[in-house]
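A.B. asks: Starting from the given sequences, assemble the full structure and let the hints guide the process.
Residue numbers (my numbering), protein chains in the order written: chain A, -12 to 508; chain B, 6 to 226.
Any given hint could turn out to be false.
Now the stretches of chain B that chain A is said to cover, found in silico as 3 or more residues with beta-carbon under 8 Å [said to hold, decoys possible]:
hint : segment
1    : 18 to 24
2    : 53 to 63
3    : 158 to 166
4    : 212 to 220
Keep in mind that the hints were calculated from the coordinates and are not lab data.
A quick note: this is a predicted structure, and the numbers were derived from the prediction, not measured.
Where is the CB? At the ideal position from N, CA and C, for every residue including glycine.
One-letter residues, chain by chain:
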Amino acid sequence: MSASTVHRASTGHRAFTGHRASTALRACAGLRARAAALIRRVPRAAWLCALVALANCLAWSLITPPFQVPDENAHYAYVAQVAERGTVPRQILPEGLLSPAEDGTLGALDFYEIVGDPHNPAPFSTLQQQTIEQVGAEGLSRRGDGDALTATNNPPLYYMLEAIPYKLAGGTVLDRLAAMRMLSALMGAVTVLLVYLFLMELLPGRRRTWSVGALAVAFQPMFGFLSGGVNSDDLIYLTAAGTLWAVARMFRRGLTPASGARIGAFLGLGLVTKFTLIGFIPAIALAVALGLWRAWPRHRARALRGGAWALGLVAAPVLVYLAVNRFVWKRDAIAGGVGSVPAGNPSGAHFSFAAELSHIWQLFLPPLWMRHQFNYVPLERTWFKGFIGRFGWLDYTFPEWFYGLAFAVTLLVGALVLVTLVHNRRALAGRRGELAVYVLALVGLCVEIGVESYREAILTGTQFEQARYLLPLLGLYAAIVALATRAGGARWGPVIGAALVMLALGHDLFAQAITIARYYS
Amino acid sequence: MSRLTVRAVRAVLACGLLAILVAFAVLLAHSAPRRSGSDVTPNVDPAAVTLSTGEQACQNEELLPADTAALRMIISSGESPPSKLSVRASGPHGALLASGALAAGWRDGVVRIPITHVSTSTARATVCLRDEGPSQVMIAGDSSDQDHAIQVGGKSVEDVQLRIEYMRPGSESWLALAPTIVHRFSLGKAGFLRDWEWVAVLVLMALAIALAVGTILREET
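C.D. replies: Here's what the structure looks like:
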């Protein structure tokens, strides 16, 4: 090769590289500009609502003693496994050991005595503090057997994100946990931001109601309590709110590659956080089908690309997770299975599809002709009271009169929503497809919880269901509050909205007060 | 939005905040006996230990907290008239730290036994409860605790722990207890949060309330 050829080739290569670099830079700048424009389009009120949620969730993270959020010890162990060994946990039978550092800290905190017993407080004495500090200073190993208890079978996304504050914080188990809780609180804030955006799309032109709905979520005590702890549910709430926002936006603006990608991205990320969001899949399939139907035939190509983006972005992370799970981490493709019941199980109970259907029904609705599977009313005890507030490891509640008061307020809000829906029945009829999607999201999630609940009942005879599993529907809760506000019209709507926000605030502060009384008095 | 509506919204916000303040003021003024500590034993067996007249149950490895003036236990005498009960708390080397007694005539259930005031915390203390007669008493606790043993009538009884709560003197309002709660808030927490955590909670909630009210008011305009 002559020198001139080499020179030409080299110059050509530099020119090509330079061209590629400048194209990439332009693309980056374009993306940045688009992102900045997108952020600018978010109303200031949405940011303020998110800030309210951030402050509230951070306060909850400081009020709740370490590891007193459900399964926080298990979720911490998962993050430690990711951060310390760079891999996911695996099930060890009988149950594996946590890391000496975590186990020692749990022991020093009297964790095993405090959880489940509302009369046992958090550490009161400086002598206990000295023991805790001693454990922290011993430099115990942060590596366990690789088992993360109840969190072991979860997908890894949340834990990979939490590994960042875990690593950045360094120090003792308590230092790391506090930093991880801050990231969860940030997820809570983003969830409220997405709820606001969902309301913007759902109820266009009703600006005041968006803030009221988003603030009702920001002050929802169970949401604040959970978002102040380390639990993969926190990212589920975010991705579910994002999915609902993306669906509502698609209904307003049509199915495009961008809207399809948005739906797929949020749902896909949700699925690799926790498989609970499988319950959303029928609703999302219906939403995309309706999007295609509306676009047909005029915007067929665009809508098809949108549908493909949605499908691709849902499937891609899940398929990658399943493959990595199977071939790299050597776990079952779907660790722990979803809704499957082994033929032989320790409880001796047998799977029956009819009993499963009956179980799912009774979990949410009053039993009809069926054999009773619960000796209480789950609708009241698990879902209503649980949503109003059942904190810690389900070990302390509000006084009974408070649930009566909350029920009265719920009836009032329900009546206001009914007034709004009747008043807007024509608009509602025009949006029945969209409404069906939200109803299907609710039903799908309930069925998914019911399947898991039945599986747990058969396998272990224990109760699985908790109100926090319905919090992926926080967007719909916000919509109910916003619709109640609309019942008052232009004149009284803002007054109702202000009253509902004050009620939500009082509810949240009362929940924090009983939490302080539970652990510190 | 009409001026009337704006005024009504402001009135609702003001009334709401006032109602919350009043509710918290009432709550803070509520007075009741408060704990100085607990041995965090679950109350799973109402008769974890039964004492006959003249017998005593001694539990060691107790953390006797500072500012204790009574013990709270769950005790029953069944159908019989309740016995006189006496308590002795001693340090790891046997020195008497506090003592007290409860005259006969108490009612079954949660029983408060006054003791001499304890001003400093002591780890590895031994607490003894003696049944002074005339009848037997049953004390609640955990009878499946494999890590603990207690002495009953001078003999070691395995797998048993009594539930003992340590009480501060008299009754206190939440407001009076606030400095103690602030101290407890700093225990068992991350090192970088410990000393300012309670301030952070107050600031964060004040910020959340201010932002929420500000957002609602902003929407009016």
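A.B. asks: Which hints, by number, does the structure contradict?
C.D. replies: Failing hints, ascending: 2 and 3.
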